[in-house]
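A.B. asks: Turn these sequences into a full structure, and let the hints steer you where they fit.
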Amino acid sequence: MNKELVGKIFGCIVLGAIITVIGVVAVVMTALNAEGRVYSLLVAVTTVVFIIYIIGQMFAPQKSRLWNRALFVYFLFCTLPVAGYEISSYYHNSIPVVSEAEVDLEQYKPFGADSKIQKLDQPATLSLQSDLPKIDGATALYPLYASFVQAVYPEKDYDLYDSEVMVSKTPNAYENLLDGKVDIIFAAGPSEEQLLAAKEKGVELKLTPIGREAFVFFVHAENSVQGLTTQQIRGIYAGDIISWDEVGGGYEFIRAFQRPENSGSQTMLQKIMGDKELMTAPQEDVVTGMGGIIEQTANYKNYSNAIGYSFLFYATEMVRNGNIRLLAIDGVTPNKETIKNRAYPFAAEFYAVTAGTDNPNAEKLIEWILSPQGQELVEKTGYIPVK
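So for the sequence shown, numbering that gives the first Met the number 0 puts the first residue at 0; every next one is plus one.
Derived by calculation from the structure, the hints in this document are not laboratory data. Please note: incorrect hints may appear among the correct ones.
Claimed, not checked - In silico EDC-like pairs for lysine to aspartate or glutamate, Cα to Cα no more than 16 Å straight-line:
| no. | residue 1 | residue 2 |
| --- | --- | --- |
| 1 | 386 | 375 |
| 2 | 180 | 336 |
| 3 | 168 | 260 |
| 4 | 205 | 348 |
| 5 | 270 | 366 |
| 6 | 270 | 348 |
| 7 | 363 | 130 |
| 8 | 386 | 357 |
| 9 | 133 | 174 |
| 10 | 115 | 103 |
| 11 | 155 | 105 |
| 12 | 198 | 178 |
| 13 | 335 | 366 |
| 14 | 118 | 161 |
| 15 | 155 | 130 |
| 16 | 118 | 378 |
| 17 | 180 | 130 |
| 18 | 180 | 161 |
| 19 | 133 | 103 |
| 20 | 115 | 348 |
| 21 | 133 | 113 |
| 22 | 379 | 336 |
| 23 | 168 | 156 |
| 24 | 270 | 260 |
| 25 | 133 | 161 |
| 26 | 386 | 366 |
| 27 | 339 | 378 |
| 28 | 205 | 154 |
| 29 | 200 | 178 |
| 30 | 275 | 239 |
C.D. replies: Here it is in structure tokens:
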């Protein structure tokens with residue numbers, strides 16, 4: 000074996016190793032990015048192509064022009080799917096996410112200088128200064144139970160996520176209640192999974208209705224469909240109805256978004272579905288704080304063919320941006336009057352939920368919430384009182 004051949008082999012090994020290391024690093028970096036994972040395979044293939052190109056240039060230099068052309072053609076073909084993917088990503092990213100996160104809960108903190116919570120016109124008949132019940136609940140109900148705090152609790156800063164008055168969303172609120180971390184939660188009724196968890200822990204949940212709320216469906220503001228029947232809702236979310244033209248709309252496939260499992264709104268949808276099985280919810284990849292990627296239920300994106308759902312309080316806030324429109328159900332539009340007279344079919348009670356707390360003030364607080372003053376705050380906040 001002559002020295003020239005040995006030099007070429009050694010050069011290929013060294014350059015190949017360098018390119019491989021660079022390629023592996025690039026593959027790992029793109030794999031850790033939810034939107035970049037599509038490039039991982041492309042980077043891996045490109046790494047192999049570069050190694051072949053180096054070998055070809057080393058051992059067949061007389062065909063250098065051919066190798067250069069082949070590499071050029073490869074990159075030319077790569078630009079087509081890359082350009083298509085980037086154009087598609089730009090379009091999907093341009094569609095606004097319409098979500099509950101649009102409501103800034105900081106604006107509803109009790110005792111805030113510019114707080115938007117509702118207040119009583121006279122002093123509350125209950126005043127708690129010690130043994131404060133620790134409370135948690137659904138994000139949609141935070142403006143309501145923050146108003147209870149403003150009326151009854153001592154004035155101080157109540158951190159949204161670490162204080163006697165928290166808002167950790169329905170699934171976490173139920174978990175905190177079952178673990179004995181809080182005394183009362185304000186939420187929709189528990190899901191089957193949450194009831195099972197309570198049974199396994201030997202905990203009995205006590206649900207006290209404190210108000211009524213509407214569960215509403217919404218679509219893009221320019222969708223021609225004005226309303227749906229209960230059966231059509233079930234058909235859409237079972238996957239039986241797949242196009243808007245089947246319910247009087249245009250010829251577009253229906254993008255039926257859902258909410259995370261055990262959230263108040265997802266539990267409500269499951270109750271509406273009855274024995275009909277829900278189709279699989281749209282998913283999206285999300286990068287976690289540790290650099291990993293998890294798959295979670297996709298947030299509602301306001302495509303022209305989308306449908307989503309929430310409770311009326313949030314949906315009313317969301318609708319103000321003009322991008323979505325609430326649907327009538329069985330011919331009835333959701334509003335305070337149709338919730339109060341029970342004409343709207345998807346109206347439901349929400350609760351103050353306890354699990355055997357030994358805090359003596361927990362029951363006092365719930366009794367006050369059911370008093371005329373507490374029910375006044377329920378109504379002022381935008382919900383329907385139960386008394």
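A.B. asks: State for each hint whether it applies.
C.D. replies: Each hint tested on the structure:
Restraint check: the Cα-Cα separation between residue 386 and residue 375 comes to about 10 Å, which is no more than 16 Å; the hinted pair holds. Restraint check for residue 180 and residue 336: not satisfied, since their Cα atoms lie roughly 37 Å apart, outside the 16 Å limit. A C-alpha spacing of about 12 Å is found between residue 168 and residue 260, which places the hinted pair at or below 16 Å, so the restraint holds. Straight-line distance between C-alpha atoms of residue 205 and residue 348 comes to about 14 Å, which keeps the hinted pair within the 16 Å bound.
For the suggested pair residue 270 and residue 366, the alpha carbons sit about 28 Å apart, so the restraint of at most 16 Å is broken. Between residue 270 and residue 348 the CA atoms are separated by roughly 13 Å; this keeps the pair inside 16 Å, and the hint holds. In summary, the hint linking residue 363 to residue 130 is supported, as the alpha carbons are separated by about 11 Å, within the 16 Å threshold. Proximity of residue 386 to residue 357 is assessed by CA-CA distance (about 27 Å); at most 16 Å being required, the pair is judged violated.
The suggested pairing of residue 133 with residue 174 holds, with an alpha-carbon distance near 14 Å, which does not exceed 16 Å. The straight-line distance between the Cα atoms of residue 115 and residue 103 is roughly 10 Å, inside the 16 Å bound, and the hint therefore holds. Restraint check for residue 155 and residue 105: the C-alpha separation of about 14 Å stays at or below 16 Å, so the hint holds. With a CA separation close to 13 Å, the supplied pair residue 198 and residue 178 stays within the 16 Å bound.
Between residue 335 and residue 366 the CA atoms are separated by roughly 24 Å; this puts the pair beyond 16 Å, and the hint is violated. Proximity of residue 118 to residue 161 is assessed by CA-CA distance (about 24 Å); at most 16 Å being required, the pair is judged violated. For the given pair, residue 155 sits about 15 Å from residue 130 by alpha-carbon distance, which is consistent with the 16 Å threshold. Restraint check: the Cα-Cα separation between residue 118 and residue 378 comes to about 11 Å, which is no more than 16 Å; the hinted pair holds.
Proposed proximity of residue 180 and residue 130 is supported: the alpha carbons are some 14 Å apart, at most 16 Å. Under the criterion of a C-alpha separation no larger than 16 Å, the hint pairing residue 180 with residue 161 is consistent with the structure, at around 11 Å. Simply put, residue 133 and residue 103 have alpha-carbon atoms about 22 Å apart, too far for the 16 Å limit, and the pair is violated. Distance restraint check for residue 115 and residue 348: the Cα-Cα separation of roughly 23 Å exceeds the 16 Å cut-off, and the hinted pair is therefore not satisfied.
Note on residue 133 and residue 113: the hinted pairing is violated, with a Cα-Cα distance of about 24 Å set against a maximum of 16 Å. Using a Cα cut-off of 16 Å, the hinted pair residue 379 and residue 336 holds, with the two alpha carbons roughly 14 Å apart. This hinted pair does not check out: residue 168 and residue 156 have alpha carbons roughly 20 Å apart, beyond 16 Å. Distance check on the hinted pair: residue 270 and residue 260 sit about 13 Å apart at the alpha-carbon level, within 16 Å; holds.
Between residue 133 and residue 161 the CA atoms are separated by roughly 10 Å; this keeps the pair inside 16 Å, and the hint holds. A C-alpha spacing of about 12 Å is found between residue 386 and residue 366, which places the hinted pair at or below 16 Å, so the restraint holds. In summary, the hint linking residue 339 to residue 378 is supported, as the alpha carbons are separated by about 11 Å, within the 16 Å threshold. Between residue 205 and residue 154 the alpha-carbon distance is near 29 Å, which puts this suggested pair outside the 16 Å criterion.
Of the supplied pair hints, the one linking residue 200 and residue 178 holds, its CA atoms being roughly 9 Å apart against a limit of 16 Å. Our distance criterion of 16 Å between C-alpha atoms is met by residue 275 and residue 239, whose separation comes to about 10 Å.
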